[in-house]
Amino acid sequence: MYAGNIHLAYYGVKINILRRLVRSTALAPLCLDIPMLGSIRQQAHETAQRATSFVESLRLEHLDAFWYFAAPYLFSLVGSFCTLLLVTSLTPAERDHWRETLSSYLWTLRVMSKSNEPMHYAVNRLEGVILRGLEHVLVVAVDGTSPVAFEATPGNFEAYINGFGLTFTETDGFDVNFMDRDAFDFLSHAPHY
Amino acid sequence: MEKYTKSYRCIDAPLLGAVYLNAINWWFYDSNLSNQPAIDVTNLRRLTLQAIQSSYHRPRLSSIEAVLLLLQCKPEDPLNPDHTFAWGLTAQALSVGEACGLHLDASDWAIPIWERKLRKRLSWALYMQDIWTALAHGRPTHISEDDWAVRDLDQDDFLERDRLQTEGKQFLYMVTLSKTLYLVVKRFYTQKSTALQDTVELFAVAEPILASLDSWYTTLPSPLTMDHLPPRQLYSNGT
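As given, the protein sequences belong to chains A and B, one line each in that order.
With my numbering, the residue at position 3 of the first sequence is 3, and numbering never jumps.
With my numbering, the residue at position 59 of the second sequence is 59, and numbering never jumps.
Since the hints were derived computationally from the structure, they do not count as laboratory data.
Careful: at least some of the hints might be erroneous.
As the list claims (entries may be wrong) - Listed next, the in silico SDA-like pairs over lysine to any residue satisfying Cα-Cα at most 25 Å (straight line):
(1) Lys-179/B <-> His-7/A
(2) Lys-192/B <-> His-7/A
(3) Lys-114/A <-> Lys-192/B
(4) Lys-179/B <-> Lys-114/A
Said to hold, decoys possible - In silico contact screen, one side only, chain B against chain A (beta carbon under 10 Å); selected entries:
(5) Leu-33
(6) Pro-75
(7) Met-128
C-beta atoms are modelled at their ideal positions from N, C-alpha and C, and glycine is treated no differently.
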């Protein structure tokens, strides 16, 4: 078994902890501990950055090696985590950064997917749910006193991925209308956490 | 592996099938096979599954080896995998494994040493299969801490062969990581714990786990670090 599996698995475990934390910052009860919020954000940034870099650094001989059964899910998870960071961005600059990272990650997956089935699964999955705007739909009630300044006017802010300027014109023969929704039980359960 | 060199007939059918199903991914890397048409994978998969489940009436350790290998290989429809079936197979494997005593501590049993080691490795392989599948599919894990008496692995539990050195280490480290994952699933992803959205409380639970994860990562030995390139020979078998 190729050692890349260990690193991918490590990022998987770490991301699963961090995404619970990040998501909780966008949901009630409101967290007022600013240093804590900063620490969470920073760890999330670092982890997402390292995970995407890891995947992007893989070479052909790595792609062809043995990837264990959870690899498709883990490659998807990295992308899913990036979209979570995107929709919870605190500034336009941050948002642009995650949009760029996500696009680059998806592109990498798409290019490598010809040699790697788990990546093929991940990119189809991610592009599919993102296209339908399902990925990380967060309805956040923003009021004037909130120290967490999501980029919105007070009221209800519906943060979904297509609202952040990410559009996919290329679906690579992947017809959204005929997708089997039942197959997508990974990420469609994720937003509940 | 020694059995196989004598004759393929020495290997139990379910295990043989599962190994072939995994190896088929690298059919074209073999100079003898690459210019021949690949075998009928659908049929092989059906036969292997049938053989595995038949063996469950009087299960052997090789039945569990086989089903674990089967669960590694590329799904029939990789873009629309049958997660429900896979999770069902996993839970079944765990249950049958329990019937074989794989959740117990076999270190004092009157069995040969090689079997004691094999049992330990298989037990932990089952544990990993359950927890990672539960995480990936969003299902409850079926492992209960109170009912898992298997001792931790160490280097002695692996065969003394140079080729397996790195793979043994990988397995070992994967197991320790999976134990942390078990904790993560229990603390953050059970039906009860997903209701918690208070960042301060979550952070308190997360901090020690994150710290131990990071310190685990720094202990990865050199063959497993990212700067270590795999040799030109591809790894064509799962461990």
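Verification of the supplied hints:
no., hint, result
1, Lys-179/B <-> His-7/A, "16 Å, holds"
2, Lys-192/B <-> His-7/A, "29 Å, violated"
3, Lys-114/A <-> Lys-192/B, "40 Å, violated"
4, Lys-179/B <-> Lys-114/A, "33 Å, violated"
5, Leu-33, "16 Å, violated"
6, Pro-75, "9 Å, holds"
7, Met-128, "9 Å, holds"
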